[in-house]
Amino acid sequence: DTAVSQTPKYLVTQMGNDKSIKCEQNLGHDTMYWYKQDSKKFLKIMFSYNNKELIINETVPNRFSPKSPDKAHLNLHINSLELGDSAVYFCASSQGQGYYNEQFFGPGTRLTVL
Amino acid sequence: DAKTTQPNSMESNEEEPVHLPCNHSTISGTDYIHWYRQLPSQGPEYVIHGLTSNVNNRMASLAIAEDRKSSTLILHRATLRDAAVYYCILRGPGIRGGSNYKLTFGKGTLLTVNP
Chain E
1 DTAVSQTPKY LVTQMGNDKS IKCEQNLGHD TMYWYKQDSK KFLKIMFSYN
51 NKELIINETV PNRFSPKSPD KAHLNLHINS LELGDSAVYF CASSQGQGYY
101 NEQFFGPGTR LTVL
Chain L
115 DAKTTQPNSM ESNEEEPVHL PCNHSTISGT DYIHWYRQLP SQGPEYVIHG
165 LTSNVNNRMA SLAIAEDRKS STLILHRATL RDAAVYYCIL RGPGIRGGSN
215 YKLTFGKGTL LTVNP
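Here the protein sequences line up with chains E and L, keeping their order.
Reminder that position 20 of the first sequence reads as 20 in the working numbering, one-by-one numbering, no gaps.
Going from the second sequence to the working numbering is simple: count from 1 and add 114.
Source of the hints: derived by calculation from the structure; they are not laboratory data.
Check each hint, because a few of them may be wrong.
[Claimed, not checked] Under the rule of at most 25 angstroms between Cα atoms (straight-line distance), these lysine-lysine pairs were calculated in the PhoX-like manner:
hint: 1; chain 1: E; residue 1: Lys52; chain 2: E; residue 2: Lys36
hint: 2; chain 1: L; residue 1: Lys117; chain 2: E; residue 2: Lys41
hint: 3; chain 1: E; residue 1: Lys36; chain 2: L; residue 2: Lys183
hint: 4; chain 1: E; residue 1: Lys67; chain 2: L; residue 2: Lys117
hint: 5; chain 1: E; residue 1: Lys52; chain 2: E; residue 2: Lys40
hint: 6; chain 1: L; residue 1: Lys117; chain 2: E; residue 2: Lys22
[As the list claims (entries may be wrong)] Residues of chain L clear of chain E, computed beta-carbon distances all greater than 10 angstroms:
hint: 7; residue: Asn137
hint: 8; residue: Gln152
hint: 9; residue: Lys221
Beta carbons: idealized from backbone N, C-alpha and C, even for Gly.
Turn these sequences into a full structure, and let the hints guide you.
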């Protein structure tokens with residue numbers, strides 16, 4: 001069974017379009033995250049939700065809007081896509097927000113904006 | 115955020131032990147030392163974490179210096195599957211939503227395992 005899954009795995013789209021990436025975890029965790037890995041391979045957190053409440057919102061453009069319909073899902077919607085949004089997006093989850101907690105990552109969604 | 119310093123790359127031979135170093139001279143007394151790795155084309159994967167004492171699990175061992183200013187991740191017998199980027203990350207208590215609730219990834223160490 002896949003612990004953290006993301007769809008789609010690959011996403012190719014034109015500049016200006018709106019797209020969504022979905023994430024689901026079946027670990028029973030209460031905290032979920034979105035990370036972005038750019039072309040230089042730097043991994044950086046974007047958002048974190050705990051029990052459907054936003055707790056971390058890094059300096060991310062307003063075009064990015066996370067939505068957590070329930071504790072098991074955290075989706076990422078991106079409006080007006082730009083070339084610089086091309087990256088691999090990883091979803092992750094953990095039980096609690098503690099600094100000692102292990103985070104489980106999904107396989108990633110490679111977004112290419114043309 | 116407390117910073118870590120790791121070599122950019124290391125090389126090992128299959129079935130030999132690998133010692134991956136990490137320096138964290140500004141670590142605070144409550145910071146945990148976490149290690150994650152990222153295999154090619156995959157998401158990061160938790161390896162191990164510790165506070166003061168050395169730690170062992172099925173994947174690796176973590177040796178923490180007495181002054182906690184450095185640590186070493188030990189893979190006892192490297193396999194080709196261990197070829198990955200290894201990240202040493204410090205996490206400590208912070209305010210709700212503060213910087214230490216997240217994982218702050220650096221450049222990591224690219225481990226190459228030769229057959």
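Consistency of the hints with the structure:
| no. | hint | result |
| --- | --- | --- |
| 1 | E:Lys52 x E:Lys36 | holds, 20 angstroms |
| 2 | L:Lys117 x E:Lys41 | holds, 18 angstroms |
| 3 | E:Lys36 x L:Lys183 | violated, 29 angstroms |
| 4 | E:Lys67 x L:Lys117 | violated, 31 angstroms |
| 5 | E:Lys52 x E:Lys40 | violated, 31 angstroms |
| 6 | L:Lys117 x E:Lys22 | violated, 32 angstroms |
| 7 | Asn137 | holds, 20 angstroms |
| 8 | Gln152 | violated, 8 angstroms |
| 9 | Lys221 | violated, 8 angstroms |
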